[in-house]
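**Student:** Listed below, chain by chain, are the residues.
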Amino acid sequence: MSLSRYIVKRILVSIPVLIGVTMVSFGLVQLIPGDPIEFILQFTNVSPEAEQRLYAKYNLDEPLWKQYLLWLQDVIVLDFGESIISGRDVAYEISTRLDHTIALGLFSWLIGLGVGIPTGIIAAVKRGTITDEVSRIAALLGIATPNFWLGLMLILVLSVNLGIFRAIPPDAPLFSVAKLKFLILPSVTIGTASASLIMRLVRSSMLQELNKEYVRMARAKGLSERTVIFKHVLRNSMIAVVTVAAIQIAFIINGSVVIEQVFSWPGLGRLLVRSISQRDFPIIQAGVLMTGVAIVIANLLADIVYSWLDPRIRY
Amino acid sequence: MRQKQRDTTTQRGRIRITGFDAERVRNRNPISDWSETESDGGTSRMEYAWRRFKSNRLAMLSVGVMALMTVVAVFARPISVDVAGMSLTVQPFALTPYGPGEMFVGSPNAAPSVEHLMGTDWSGRDLFSRVLVGTRYSLSIGLIATVLALFVGIPLGSIAGYFGGWIDEAIMRLVDVLYAFPFLVLAIGIIAALGQGFWNLILALTITGWISYARLIRGEVLSVKENEYVLAAKALGATDRSIIFRHVIPNAMAPVIVQATLSIGTVVLSAAALGFLGLGLTPGTPEWGTMLSSTRDTIAQGYWWVSVFPGLAIVVFVLAINLMGDGINDALDPQGDTATKQRMQ
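For the protein sequence lines, the chains are A and B, in the order given.
For the first sequence, the working numbering begins at 5 and goes up steadily by one.
For the second sequence, the working numbering begins at 42 and goes up steadily by one.
It is worth saying that the hints were derived from the structure and are not from the lab.
Since this is a predicted model, take the numbers as computed values, not measurements.
Using N, Cα and C, we set each Cβ at its ideal position, and we do this for glycine too.
A couple of the hints might just be wrong.
Label pairs and their in silico Cβ distance ranges [claimed, not checked]:
# : chain 1 : residue 1 : chain 2 : residue 2 : range
1 : A       : Ala142    : B       : Leu109    : 44 to 52 Å
2 : B       : Ser148    : A       : Tyr96     : 28 to 36 Å
3 : A       : Leu313    : B       : Val131    : 43 to 51 Å
4 : B       : Ser148    : A       : Ser268    : 51 to 59 Å
Example chain A residues on the side facing chain B (calculated, C-beta under 10 Å, incomplete) [what the hints assert, rightly or not]:
#  : residue
5  : Pro67
6  : Leu68
7  : Thr149
8  : Gly155
9  : Met157
10 : Leu160
11 : Leu166
12 : Ile168
13 : Phe169
14 : Phe255
15 : Ser268
16 : Val292
17 : Gly296
18 : Val297
19 : Ile299
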């Protein structure tokens, strides 16, 4: 199968998944006992006619499937309705915070890959030695440490005791030195667990490759160990890394939801958590939907890169 | 079941045997002195696995830690059951010096001392007692959510793998959809809709947990069902249900056991994260994550012990269970690294 045909096929497969993602996001709000209007009406008194108007405004007088289609129609043009609490447009609320979350996610992702891949390679090449053992234990610790606690401990040591970093973000634009410097701690916090997972995967996929025939062949014909590792083994084990890099995106979104809370980072995760205590459902719904769609797209891209790197898997 | 098979009958499955006197076979003299119970069949796979596990010191240490934590969970506070209006004490011992919810047993925010090994929190509750009682929550949440996820994931995954076709498509598309959500975001949505509480937390963890087992066992079933013994069972007229539950699932379980052990750690971390966000158990519950949820400000005030100890407890717990999972993995699958990739998901 040619690459372009594979891409088309892969996109077609993601469409039902995307539809499912919208259904789950829509369905979550239906799970709430009672309907949203009843919920709003708990706090305010309105006349029965006004109540009817409210129902009509949110299409709640329509059957469920029609409500879903109407909602989908709005969502496709990024109209998520308005926040129950602030009354502002949900798309606006999200867009003002999105850049902060993306910056945090990108930094963490780079730290995860930048630390995880090299240590994984070193551990595989030097397997059985002290280096391997130390990095293995470090990775196990990195996975077992709850990221929010790691964040708290970093604040305790580096901000409170040593005063190197600020504990709350400076009031400055996102791309200023002060703010980027502040971003180091939260990114390291999320990146630690991410790097540990990547390191373990790179190590095991390298080890698998190292046992293969072509490696023995390359050594037998007298190639230097350096060439064997970098030209042959590494290239083949990088394929596994592409998938992990995509899986990491879900992992990093998870991390940022919690870590934004720890470091008071004004991103999407913080908005989401705040919206729960305020029961601001349009924002929760939009947040769930957007992360779902983002991950479907990330997986799609990863699969395409994967098949471009390794034509054997297109079948 | 054993008994049923040993009954010599001509009415088994689709095969009908004629000219065969079941009565005679049962009463004849044994041809040899072989008997089913005496054969030991050499060392079983499980025994080999256990031997390998025993020689792994780190794994044995982690089993010890887990055993200790289980003891702590059971004996932290007395357990009593209310039966028909009467309170019946099942377990009278208390390892903790104070009740986890007792306020002002010491001065608020007191540093660790001999009376309060881990200090006290803002309302003067003894942190040592709270951390010990917290073992109960993490252990029970981890076990219950993992077992429930297995109960959903294994049947659905094996049905998808065994039957294939549209059933497979339907189940796997559902799995794909749920996979598209980062765990915390989906759990936040579920808890936002259903509210807080122990069982809602378990529900959120189960809904997000079963998908990885379904994927894993589907893949295993796809390869196991090609084996000849499955074909043989089919030829003998076994029903699909008995083939799946007696032949396919037992042979596909090894990676699932490894994954389940490792995911107890993930479940405990997730529950703690939700607790930290104030979405897990109700505030004030001595669950480790929940205990950490409002400690950010106390750090700035210099009360480090309030946030250090519950977090350390989580690290020790998750590290022990992961080492145990790694040990089981190495014992069951000595050559390969098959589980490493699955663990990533």
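**Student:** Would the hint on Leu160/A be counted as holding, given a Cβ-Cβ threshold of 10 Å to chain B?
**Tutor:** This interface hint holds because 5 Å falls under the 10 Å limit.
**Student:** Would you settle whether the hint for Ile299/A is holds or violated, based on the nearest Cβ-Cβ distance to chain B being less than 10 Å?
**Tutor:** holds (5 Å)
**Student:** Is the hinted range of 51 to 59 Å satisfied by the C-beta distance from Ser148/B to Ser268/A?
**Tutor:** At roughly 29 Å between Cβ atoms, Ser268/A and Ser148/B fall outside 51 to 59 Å, so the hint is violated.
**Student:** For the range 43 to 51 Å, tell me whether the beta carbons of Leu313/A and Val131/B fit it or not.
**Tutor:** violated (59 Å)
**Student:** Identify whether the interface hint at Ile168/A stands, where standing means a beta carbon of chain B within less than 10 Å of its own.
**Tutor:** Since the shortest Cβ distance to chain B is 15 Å, the answer is violated.
**Student:** Do the numbers back the hint for Met157/A, that is, is its least Cβ distance to chain B under 10 Å?
**Tutor:** holds (7 Å)
**Student:** Interface hint check: Thr149/A, Cβ to nearest Cβ on chain B, cutoff 10 Å. Holds or violated?
**Tutor:** With a minimum Cβ separation of about 5 Å from chain B (threshold 10 Å), the hint on Thr149/A holds.
**Student:** Against chain B, with CB atoms and a cut of 10 Å, does the hint on Gly155/A hold up?
**Tutor:** Holds. Min distance 9 Å.
**Student:** Holds or violated: is the Cβ of Pro67/A closer than 10 Å to a Cβ in chain B?
**Tutor:** violated (21 Å)
**Student:** Answer holds if the nearest beta-carbon of chain B is closer than 10 Å to that of Leu68/A; otherwise answer violated.
**Tutor:** With Cβ-Cβ at 16 Å, over 10 Å, it is violated.
**Student:** Against chain B, with CB atoms and a cut of 10 Å, does the hint on Gly296/A hold up?
**Tutor:** Holds, because the Cβ-Cβ distance from Gly296/A to chain B comes to roughly 5 Å (cut-off 10 Å).
**Student:** Starting from the hint 44 to 52 Å, judge whether the C-beta atoms of Ala142/A and Leu109/B obey it.
**Tutor:** violated (24 Å)
The structure shown violates the earlier hints numbered 1, 2, 3, 4, 5, 6, 11, 12, 13.
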